[in-house]
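Fit chain B to the supplied structure of chain A, relying on the hints for placement.
Chains as they are written, first to last, in our numbering: chain A, 1 to 324; chain B, 1 to 574.
Errors might be hidden in some of the hints.
Said to hold, decoys possible - Short derived list, chain B residues pointing at chain A, Cβ under 7 Å:
1) Ile66
2) Arg96
3) Gly100
4) Phe105
5) Ser113
6) Leu114
7) Asp115
8) Lys122
9) Glu126
10) Gly127
11) Leu128
12) Leu130
13) Val134
14) Asp413
15) Leu415
16) Val419
Since the hints were derived computationally from the structure, they do not count as laboratory data.
Fair warning: this is a prediction, and the values are worked out from it, not measured in the lab.
For glycine and all other residues, C-beta sits at the position ideal for the given N, C-alpha and C.
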Amino acid sequence: MMGSDAVRIVVQHPIVWFARRIFSGVVVVWAAATLAFLIQCMLPGDRAQIIINVTSGNVGPASSAELAAINAKYGFDQPLAVQYGKYMLQILHGDLGESYQQHRPVAAIIAEQIAPTIVLAIAALLIAWLIAILTTLFIAGRDNIWSKLLNDAQVFLATVPPYWLATILLVLFAVKLGIFPVIGGNSPIGLVLPTLALALELSGFFGQVVQNEFTRVLEQPFVTSARARGMSDFGVRLRHVLRHAALPGITLSGWALGKLLSGAILIEVVFARQGLGGVLVAATSSRDVPIVSGAVLISAGLFVLVSLIVDLTYRVVDPRIKLT
Amino acid sequence: MSQGRPQPVPQQPDLLTVDSLRVSFGRGIAENTVVRSISFSLRPGQCLAIVGESGSGKSVTARSLIGLAGRYANVHARQLSFGGTDLIGLSDRAWRRIRGTEIGFVLQDALVSLDPLRRIGKEVGEGLILHGAVSSREEFAQRVIALLKLVGVPEPETKAEQLPHQLSGGQRQRALIASALALDPRILIADEPTTALDVTAQAHVLALLEETKTRGKALILISHDLAVVSHVADEILVMRGGEVVERGTAAQIFRDPRHPYTRQLLDAVPSGRPRGSRLSPSTIVRSPKQQMQLPLQSLPKSRPILLEATSLVKRFKGPDGTLRAAVDGVSFELRSGETLGIVGESGSGKSTMARMLLALDEPDEGAVQFAGRPWTTLAERERRARRRSLSIIYQDPLGSFDPRWTVGRIISDSLSSDVETRRKRQERVIELLDLVGLSKALLDRRPLELSGGQRQRVAIARAIAPNPAVIVCDEPVSALDVSVQAQVLDLLGYLKDHLGVSYLFISHDLSVVRHISDRVIVMRRGRIVDNGATDEIFRNPQSEYTKSLIAAMPRLVRDRRIGHSATILEEGIA
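Excised from the complex, chain A in its bound form (with noise of 0.2 Å):
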């Protein structure tokens, strides 16, 4: 009996938390590199095949010699389980494969270019925030023109896929006005109009969610018993309202940061900008596999690393949620 009760007390330590967690990250994770595994071997067409025609541009088959030779360089002609065995081993020392078309490591691919992506989806987020937080604080729980042409602009800017505003952002704000450069290189003035174009779809949605929270919490009695202490509106707004608010929108930005990398992806070809997009498409059209399942090997670790970000800030801003 109280054996159990001593193994129960030692399993909610913080430390236990923090150690399951990172176990069940590196199953995300292992997982995650067994869909890449299955990605490469179980593409449609010979991957011999696809590595000659990628190295040399042809398109007709290539002779059995050829292919034999590839089959041996790549161990293709090894049994499956093996070929898994070695894949688990490389990526457990870093290696990620080798890119059929550069004829360079994938890990030294993806981590020249990824920086720029990162940089893009992380603006993006703290962007989204900002704007949905400040039209938060001022139209929630109002009933005047501002808050409702502002809650219609967050409907309408959730609703709008990123590339269309992406585009209309590009002829109006660089091309019409000129006031930002079409094509930005990266340079931060060039980080503007990207950031933008992903962030304005990810403001909406975080605003209605936000608000939603906001105007639920601005009716709770704590937040009267502020107001007859005699706390302004806008006081009672940012000291009490908005941290509760908050909550379900950090929730939810575990998942955004995700979506906001394959934004990215995209926004970087609209705006021909360096980063992980270019590479990726690039190496889709061309069948170019280690580095599409690089790729996703490397977003899967993000994703782990970003959620267990997510619920170390959920506890810091909610102080009544132990670690369990």
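Frame of chain A, contents of chain B only:
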């Protein structure tokens, strides 16, 4: 502007003058007047009580006094002034200078009136920062600790760093009062400050309010419970439907109530009436038109044991990770046709025990036998068929209903599957509604469209639908107004006589338990400290704890001596 009402010559000028206050919501044809023509005045050191049931307009009246009646409220008055300042049409900025500094307001329901994400100290001292009353961090901390000490929160240094959910209900209520007292306002308005508190916590809060009054503060106390206000109030306004039906000094109201509604409110207080007597005036409980399928049981002399608990133990993990026994070796039996009252404060283990009796939680040790056969030791599959014989009525019926279901469906769902045809089920539901005194017009209503009393009646109808032998009532009247509480208690008494069910009646309210129970168990920290026939327990309690509970019981004080200590509210029992 001021129209002099005949008033005793004031020793001090009025702090607050309210003349013909009228509050309505909405505009035009949608306008709904909730307070009509209320007038009163308040002097320092005086306590005015506004008494009424939910919907009487007492809370709206109180909120109008600090300009927080709501965004859609229209507040009109011939005069509404505080210390010479006209409060009508005051700007928001001007209101903020009064709120907290001149008028402190304690909101109804302390459990949700403190921000759950902020530490108690920050919340209590918020007014100090808002009105620039402290200049340093250290001063702030000192003032907060002093405030918590003033209201009697134990270990103020620790509690200031804790979150609201880590404090007990009584402590939260006191912290909320502390936050209203932070800037030493001249008027304190407290809206239902003791509702939802245990008797001892209630007695402490009342003592605190009385102490505030003796410090020269003016007090407005809002309550539905005459027994509570009888200890502190100097003047009482009885409100009903937005109007004052009776006003007078406390002595007048309690000794010689004029208005029938005031008498009805006084009669509804269980501690003021002989045990088991009818509390509600009209015959709300009608006799059923047709004979029920349930036989009128004549009880045998030797009543068989229905529920028998033997050495029940249930442990939970505490906040520090250690195990704590919520129920610690409890044994008792419930006999057929009997009402067993279980009294205890929050955290005494009453509800945990109820869950074990219902076999919703498995006891860590010990077992429950039901009708002489094993119960908690069975597998759920074997238990299911007999579950119908054991019903439950919860404190909050709304939370136990599917909000999308109609009343008809809620009750019908609990009927035995023996009632086969749709029509028979419908007839039976109408019978049950009739039995609990509800019209069949309510069949298609949904829970949110019912009043609190109607909801609890539907919950009772649902509980008796499967012809249970035992009904576990977990705080069934705690959330109800006194007069509705009186009706529900009368109904439960009627159903017991009529259907021969046994009740296990769990409550923190001693006067209610005393009123309805044949036998009483007093629980504290998971153990039984007293157990016996109701009259015996109340006349001659064995444990010190029971004695202190009985001493703290709020009951009508019809003749209050001035300046008595409110902690010992009244000695002896009527």
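Results for each hint:
1. Here the hint on Ile66/B is kept, as its CB sits about 6 Å from the closest CB of chain A, short of 7 Å.
2. Hint status for Arg96/B: holds, given a least beta-carbon distance of 5 Å to chain A, under 7 Å.
3. Checking Gly100/B against chain A: minimum C-beta separation of about 4 Å stays under 7 Å; hint holds.
4. Taking 7 Å as the C-beta contact cut-off toward chain A, the hint placing Phe105/B at the interface holds, the least distance being around 4 Å.
5. Because the smallest distance between the Cβ of Ser113/B and any Cβ of chain A comes to about 4 Å, under 7 Å, the interface hint for this residue holds.
6. For Leu114/B, the shortest C-beta to C-beta distance to chain A is roughly 6 Å, which falls under 7 Å, so the interface hint holds.
7. Taking 7 Å as the C-beta cut-off, the interface hint given for Asp115/B holds, the closest approach to chain A being about 5 Å.
8. For Lys122/B, the suggested interface contact is broken, since its CB lies about 9 Å from the closest CB of chain A, more than 7 Å.
9. A cut of 7 Å between beta carbons decides the hint on Glu126/B: the least distance to chain A is about 5 Å, and the hint holds.
10. Interface hint at Gly127/B: satisfied, since its Cβ lies 4 Å from the closest Cβ of chain A, which is below the 7 Å cut-off.
11. Hint status for Leu128/B: violated, given a least beta-carbon distance of 9 Å to chain A, over 7 Å.
12. Restraint check, Leu130/B versus chain A: the minimum CB separation of about 5 Å is within 7 Å; hint holds.
13. Checking Val134/B against chain A by beta carbon gives a least distance of about 14 Å; that is not within 7 Å, so the hint is violated.
14. The interface hint given for Asp413/B is violated, since its Cβ lies 30 Å from the closest Cβ of chain A, which is over the 7 Å cut-off.
15. At its closest, the beta carbon of Leu415/B sits 37 Å from a beta carbon of chain A; the interface hint therefore is violated under the 7 Å criterion.
16. Because the beta carbon of Val419/B sits about 41 Å from the nearest beta carbon in chain A, more than 7 Å, this interface hint is broken.
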